[in-house]
Amino acid sequence: MSVHLHWFLPTGGDGRTLVDRHAYTDGGIRRDRITPVSGVRAPDIEYLAQIAKAAEQLGFEAVLTPTGTWCEDAWLTTAALTQVTERLKFLVAFRPGVISPVLAAQMAATYQRISRGRLLLNVVTGGDSTEQKRFGDPLDHDRRYARTDEFLQVVRGVWGGVPFDFHGEHYQVEGGLTALPPDPLPEIFFGGSSAAAGPVAARNVDVYLTWGEPPEQVKQKVDWIRGLAEREGRTVRFGVRLHTISRDSSKEAWATAGRLLDDLDPETVAAAQQALGKSESVGQQRMLALHGGSRDKLEISPNLWAGVGLVRGGAGTALVGSHAEVADRIEEYHALGIEHFVLSGYPHLEEAYWFGEGVRPELAARGLLPAVASPLEGVPAVNGRPASAPGGAPLLVAGGR
1 MSVHLHWFLP TGGDGRTLVD RHAYTDGGIR RDRITPVSGV RAPDIEYLAQ
51 IAKAAEQLGF EAVLTPTGTW CEDAWLTTAA LTQVTERLKF LVAFRPGVIS
101 PVLAAQMAAT YQRISRGRLL LNVVTGGDST EQKRFGDPLD HDRRYARTDE
151 FLQVVRGVWG GVPFDFHGEH YQVEGGLTAL PPDPLPEIFF GGSSAAAGPV
201 AARNVDVYLT WGEPPEQVKQ KVDWIRGLAE REGRTVRFGV RLHTISRDSS
251 KEAWATAGRL LDDLDPETVA AAQQALGKSE SVGQQRMLAL HGGSRDKLEI
301 SPNLWAGVGL VRGGAGTALV GSHAEVADRI EEYHALGIEH FVLSGYPHLE
351 EAYWFGEGVR PELAARGLLP AVASPLEGVP AVNGRPASAP GGAPLLVAGG
401 R
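Each step along the sequence shown adds one to the number in the working numbering, with nothing skipped, and position 346 is 346.
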């Protein structure tokens, strides 16, 4: 079982701090202040293309693109980015409650043809009723998961290439059909820590995603979902969503984490914790419990830092350490059954290079993923100059002057 490495596209804006960086810049509630705050990088297509191209060059398999009020639309943004990349896959997050399952199946089929098979799907059921209602979805937490269950049954049904009927509580479909089914079928990623989420994952998804909890807690989730899937006669694979701060030395990495923490004043942390505490998401509540809103003891497990979750919703932990230490932690999660690692860091362009050039070779050396061959590998030397050296002139040798 090899490791699959994925990166993240910050379609809500990027920057050098953990503070809310929505480019428009007050969270979008008011529109009377539209000048970007200092240090925030707007999620324009040129910047996102830089990140996508870097991820592809550095050997990441895919990039996760989020969904929500504060993000650019994931389908449209990534469809554009398929035209400036060649191999990179796009893990497109979307909410099943705000789109017809038959239309979603058709969109996925079209996307696969446009991208030549580079679509992955991340189904986000939704853990915030306020956000769901903003999109016209009135259902409560458990009913949203019941609807997701039906949604995924319909999607897989209409991908069969023949008319498909479905009669459920939330969807009534007569002769549903995707005339040209996607080839290959997109893998479906899904996360959810509640009792309502587990059976949905077991019945429908390819990869179950968890946020970066300590290894012993991740093992409990893996065992839970694996047991549910076995009772359904299915096999589910597993992934984890984490941030990373990887440097040439552990001291440098922790210094970077410290600088991110120094940017957070108590008022910002308190406001974020109050807002996040209202979430219906069981996964979000588990993230909050890792630090309790306190800056004390944020290293909750070796090299696992909960500082991100002081102000950020969703994934709230980061792997922090030297390249070898971060590789150690990935290897530890991998031993628990985690195959997919969906990673990010602030800013996303620079951190992609830190990880891709530092940690990825460590993982390759351990046999967890194939090494990336140099595009000049096998090219003969010219004029005594190694093929990997830049430029066309021979190397100069000091002549004593």
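What the hints contain is simulated information worked out from the structure, not anything from laboratory work. Everything numeric in this text was worked out from a predicted model, so none of it was measured. Keep in mind that the hints are not guaranteed to be accurate.
Said to hold, decoys possible - Here are the simulated DSS-like pairs of lysine-lysine, each with C-alpha atoms no more than 30 Å apart in a straight line:
| # | residue 1 | residue 2 |
| --- | --- | --- |
| 1 | K133 | K278 |
| 2 | K297 | K278 |
| 3 | K297 | K251 |
| 4 | K219 | K133 |
| 5 | K219 | K278 |
Unchecked claim - Here are the simulated distance ranges between beta carbons:
| # | residue 1 | residue 2 | range |
| --- | --- | --- | --- |
| 6 | A255 | D142 | 29 to 39 Å |
| 7 | V98 | K297 | 31 to 41 Å |
| 8 | A275 | Q220 | 36 to 46 Å |
| 9 | E332 | S249 | 39 to 49 Å |
| 10 | A179 | V84 | 24 to 34 Å |
| 11 | F135 | R113 | 23 to 33 Å |
| 12 | G136 | S249 | 27 to 37 Å |
Glycine included, C-beta positions come from ideal geometry on N, C-alpha and C.
Here is what the structure says about each hint:
1. K133 with K278: holds (15 Å)
2. K297 with K278: Holds - the C-alpha atoms of K278 and K297 are around 24 Å apart, at most 30 Å.
3. K297 with K251: Cα-Cα ~17 Å, so holds.
4. K219 with K133: violated (34 Å)
5. K219 with K278: Roughly 27 Å between the alpha carbons, so the hint for K219 and K278 holds.
6. A255 with D142: 29 to 39 Å: violated (44 Å)
7. V98 with K297: 31 to 41 Å: holds (39 Å)
8. A275 with Q220: 36 to 46 Å: violated (28 Å)
9. E332 with S249: 39 to 49 Å: Taking Cβ atoms as reference, E332 and S249 lie about 20 Å apart, which means the hint is violated.
10. A179 with V84: 24 to 34 Å: holds (29 Å)
11. F135 with R113: 23 to 33 Å: holds (27 Å)
12. G136 with S249: 27 to 37 Å: violated (50 Å)
Violated hints, in rising order: 4, 6, 8, 9 and 12; the structure is consistent with all others.
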